[in-house]
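Enquirer: Going down the list, the protein sequences come from chains A and B. Here the first sequence is numbered in this note's numbering, starting from 1 and rising by one per residue. Here the second sequence is numbered in this note's numbering, starting from 1 and rising by one per residue.
Calculated directly from the structure, the hints in this document are not laboratory data. This one's a predicted model, so the numbers in the text were calculated from it and none came from an experiment. Just to be clear, a hint being listed does not mean it is correct.
Pairs involving identical chains hold if they fit within one copy or between any two copies, as the list cannot separate such chains.
[Claimed, not checked] Straight-line Cα separation of at most 16 Å, EDC-like style, residue types lysine to aspartate or glutamate; simulated pairs:
(1) 147 with 96
(2) 263 with 198
(3) 109 with 37
(4) 136 with 229
Protein chains: 2
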Amino acid sequence: MTDLSTHPTQVASAWLADLNAACERNDVDAAVALFGDESYWRDLVAFTWNICTQEGPQAIRAMLQARLADVKPSNFQVEGQATEAGGVIDAWFTFETALARGRGQLRLKDGKAWTLLTTMTELKGFEEKKGVHRIKGAEHGVHPGRKTWAELREEEARTLGFTEQPYVVIVGGGQGGIALGARLRRLGVPAIIIEKNERPGDSWRKRYKSLCLHDPVWYDHLPYLPFPDDWPVFAPKDKIGDWLEMYTKIMELNYWGSTTAKKARWDEAKGEWEVVVERGGKEITLRPKELVFALGVSGYPNVPKIEGAETFLGDQHHSSRHPGPEAYKGKKCVVLGSNNSAHDICAALWEHGADVTMIQRSSTHIAPSDSLMELALGGLYSEQAVKNGVTTDMADLIFASIPYKIMAPMQVPVYDEMKKRDADLYARLEKAGFMLDFGVDGSGLFMKYLRRGSGYYIDVGASELVANGSIKLKSGVDIARINPRSVTLSDGTELPADLIVYATGYGSMNQWLADLISPAVADKVGKVWGLGSDTPKDPGPWEGELRNMWKPTQVPHLWFHGGNLHQSRHYSQFLALQLKARQAGIPTPVYQLAPVHHTR
Amino acid sequence: MTDLSTHPTQVASAWLADLNAACERNDVDAAVALFGDESYWRDLVAFTWNICTQEGPQAIRAMLQARLADVKPSNFQVEGQATEAGGVIDAWFTFETALARGRGQLRLKDGKAWTLLTTMTELKGFEEKKGVHRIKGAEHGVHPGRKTWAELREEEARTLGFTEQPYVVIVGGGQGGIALGARLRRLGVPAIIIEKNERPGDSWRKRYKSLCLHDPVWYDHLPYLPFPDDWPVFAPKDKIGDWLEMYTKIMELNYWGSTTAKKARWDEAKGEWEVVVERGGKEITLRPKELVFALGVSGYPNVPKIEGAETFLGDQHHSSRHPGPEAYKGKKCVVLGSNNSAHDICAALWEHGADVTMIQRSSTHIAPSDSLMELALGGLYSEQAVKNGVTTDMADLIFASIPYKIMAPMQVPVYDEMKKRDADLYARLEKAGFMLDFGVDGSGLFMKYLRRGSGYYIDVGASELVANGSIKLKSGVDIARINPRSVTLSDGTELPADLIVYATGYGSMNQWLADLISPAVADKVGKVWGLGSDTPKDPGPWEGELRNMWKPTQVPHLWFHGGNLHQSRHYSQFLALQLKARQAGIPTPVYQLAPVHHTR
């Protein structure tokens with residue numbers, strides 16, 4: 001039994017030494033005995049070749065029984081100084097396995113583990129060639145017939161996908177595909193990214209004019225190349241677009257723009273995918289071993305079927321197709337929905353002199369950006385955090401170290417504080433008839449994002465327009481029918497309309513598979529995203545991790561990557577390592593492959 | 001009298017406190033008394049609005065008498081911990097002046113200053129908007145008619161140089177112009193960079209195929225955006241080219257490619273330059289207040305007039321025009337010269353199966369790259385230095401803290417060590433007839449670079465080819481005459497030749513002015529580069545700093561910027577601050593404007 005009066009670092013070291021000893025003896029009982037009755041072990045690839053959280057000693061025991069002998073973990077070492085607060089000791093550590101090196105985070109209560117995070121940082125023998133390991137570049141001495149960097153790049157562009165096949169094809173060249181592509185490049189895994197838009201960054205450029213990132217710059221870095229320190233807190237979409245384009249070039253990615261995936265099938269005989277793409281009007285068949293879908297966080301736009309829609313004489317489109325406000329000065333605009341896109345689009349239309357009405361069908365969580373910054377993100381992603389030595393990489397690990405099971409209750413105080421802090425705005429919104437919520441359990445924005453990827457607006461100004469009536473509001477209603485020049489609401493009111501925007505969200509990512517591969521495969525993979533929290537739009541049972549994201553799915557060699565910039569940055573590391581291991585022929589027995597409970 | 005037994009930091013603090021007190025009392029005598037009999041004060045803009053070094057107490061006294069009351073320096077504070085080695089205490093410090101904040105470096109011997117460096121880091125009220133000062137980006141709240149980032153960029157590109165005039169025009173869009181452009185952008189100084197090549201980076205791309213940087217990656221960073229940590233030690237030219245192109249875009253520079261400067265004149269009446277440029281076939285007149293030439297380190301190619309040259313039936317061109325080796329397989333190639341370009345070109349030709357002869361007219365300094373790395377640069381620019389906390393910015397300041405007067409003797413031991421370390425190569429080179437030197441005073445490569453910008457080869461392999469005879473060598477001779485299919489050397493031997501490459505260097509940068517402005521202005525500015533060391537190709541008198549670089553010249557509003565990547569990075573900071581001060585209308589009395597001793 002460890003004595004809390006000793007320095008936290010000693011306590012953590014002692015605990016890690018005990019774990020180390022138990023692991024070396026392959027003594028599962030001794031290892032499990034180090035965990036508290038309420039304990040969580042979250043593993044990112046290092047122990048399980050999966051992304052999963054063991055909740056409680058029993059689950060931890062089962063995992064160790066299955067994996068310990070194979071993983072052979074060793075050399076657990078505290079990194080830096082452990083800290084203690086409220087009876088919880090917090091420590092960073094490094095460790096090794098038979099195959100890899102890793103980094104972890106430990107929280108101790110009464111000398112026993114409350115939370116443990118283990119992550120794989122690199123595969124032994126397949127380290128990135130960086131820092132002291134960087135290549136020399138100029139091969140000193142002279143080598144008749146040697147090829148230059150430019151010649152090799154040109155040769156790769158000419159042959160990869162034609163005479164040479166990529167090991168990985170990434171469908172989707174947004175931030176997700178690009179970040180993963182950069183990781184794979186560093187690991188020497190040949191990959192092609194296919195993107196329907198012409199240039200990297202177009203998926204941002206093509207969105208509505210006034211869009212800026214809703215997350216702060218410290219949260220949005222890509223791997224390996226941080227934004228310059230004069231970047232605005234909220235980067236404009238075109239600036240991000242240019243950055244992604246530059247990044248793709250600098251990271252030497254094989255990026256096929258103006259390319260669409262037509263069809264994909266797993267060729268059982270050859271043990272590879274057959275992916276038919278159309279590139280600049282020409283059909284090309286790619287034969288990768290692994291196929292990754294990096295299409296954001298969602299599937300197809302949800303466009304509600306509304307009676308009379310076909311009779312409408314104005315413009316109507318989903319928010320994802322909205323061209324921006326320019327054409328709608330003085331026009332009557334109806335925006336169906338009340339989440340981020342709906343608010344941004346309403347504000348932009350109002351700015352341009354349109355008459356805008358927002359139709360709010362159900363309650364929405366409003367999180368004022370400044371408050372979110374200070375209360376929710378500031379500790380990890382801010383200039384202050386940087387000053388405190390919390391680098392983006394460290395912030396990502398701290399974030400990852402909170403098991404999803406206990407994340408919701410830990411978030412509640414943040415939003416209780418937000419309710420106080422922004423009470424005036426909330427009161428005025430409710431006075432205007434706006435239906436507010438903070439999530440069923442009061443856990444607020446980030447949990448909504450993880451559970452359903454929707455249901456909120458990060459307020460950068462539009463809420464004021466709703467509160468003061470500049471943006472007209474109809475709440476608790478839906479559009480019952482669409483007439484040639486108006487919409488009739490479920491309460492019978494009729495609104496004249498020249499424009500209808502359906503800010504009605506998206507389906508699940510496995511929708512893409514139904515068309516591209518087959519409905520059967522889409523259903524075998526099942527719903528993507530969500531925790532199984534049994535809250536609105538996130539049906540149970542509890543999964544403990546995001547469904548199908550960055551980890552093996554029920555369909556071998558088929559993967560999903562995506563999320564916001566933070567997730568694309570951090571989890572691309574673990575997906576890239578899983579893919580590298582397979583390319584290198586390293587055995588990757590997957591522990592606890594998640595079953596599918598929901599199809600589409 | 002300070003007691004050396006006390007901690008170096010206390011000693012340095014005490015010294016700085018004394019300087020601070022003397023400055024506050026405006027007591028020049030007391031300040032000068034703090035300097036040893038052998039002492040140097042190098043100032044980068046902070047005290048002198050110039051780049052100059054005061055050598056000895058008398059010069060320091062004169063400078064303080066002229067500047068102290070005006071500069072009002074204060075708040076000298078030791079930064080971090082001072083160190084002591086061999087009786088010399090080494091300390092970093094920060095300070096302020098009436099107008100600016102600065103950073104400095106101090107070396108004390110027996111409690112008195114031996115070397116003092118003062119540099120300006122930012123002008124009060126004109127700080128870069130970075131870190132905590134970064135802009136928000138998304139203007140929260142809504143602003144009818146606001147312009148987006150993309151619209152503002154587009155507007156600037158459309159108007160700057162036409163309806164709006166830039167404050168600065170930078171002639172030359174290589175690494176120098178680009179680095180300076182980035183600094184000016186951050187300081188809000190409107191600038192246009194004009195470059196004859198189409199794209200940023202072309203000046204590298206268009207050089208011979210096998211070229212890699214001869215300086216290591218840690219030495220080559222641009223301001224604000226370091227290379228990713230997997231960049232090779234020696235970056236291939238096309239990779240640098242792509243980086244410069246990306247950097248220019250990301251830094252949002254107004255870069256006019258395919259643009260040449262035709263004529264420039266100072267309009268006395270309007271107090272501005274009139275710069276006529278041709279952009280894509282169209283003449284445009286720019287009217288900046290300040291004109292910067294950033295054309296590298298040198299002027300026009302030196303092409304020797306050799307009797308019979310016009311009769312030659314093969315190819316002949318200056319090294320700067322050499323297309324690369326591809327066309328010369330099996331051909332007889334004569335390369336006149338024995339410095340970097342000559343060696344690189346000879347090696348590339350030999351690699352491609354050409355029959356190559358190098359004509360060495362005078363002795364050359366050979367510095368094997370690995371030795372240079374470890375002996376000369378490693379302490380400041382290497383992975384080890386990074387590990388030791390020597391960031392690139394700090395390394396630049398350490399480098400800058402050595403007054404040129406004592407730099408040469410400090411360099412000698414490095415090259416004495418190199419002679420031992422690489423004795424075998426040197427012996428074999430001499431056996432092959434190669435004429436070696438290490439600089440007249442044995443101070444080696446960097447001093448040669450500063451004094452004359454030539455006279456050496458950083459060996460990345462070609463020396464072995466010379467030593468083993470793969471590259472044939474004729475040394476101590478010149479080309480006496482050129483015949484249709486051969487050259488006749490000064491010793492009478494005749495060499496058959498299909499190709500003659502003149503790797504014969506360049507003139508001084510003020511040559512550009514003669515054609516662009518006028519010969520009179522070129523001569524008024526005088527020779528650019530060189531220290532006045534009274535060594536070959538660097539005639540005296542002693543200047544103490546590089547002639548005309550990054551500081552005011554005898555022609556008002558006319559500046560030179562350039563050098564290698566390290567100099568372009570570091571000195572662009574000081575040139576940008578000088579330009580910003582003028583744009584902001586801050587008085588900038590220049591102390592000790594350098595007289596001109598050599599015209600062209």
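Enquirer: May I ask which of the numbered hints given earlier this structure violates, with the numbers listed in increasing order?
Expert: 1, 2
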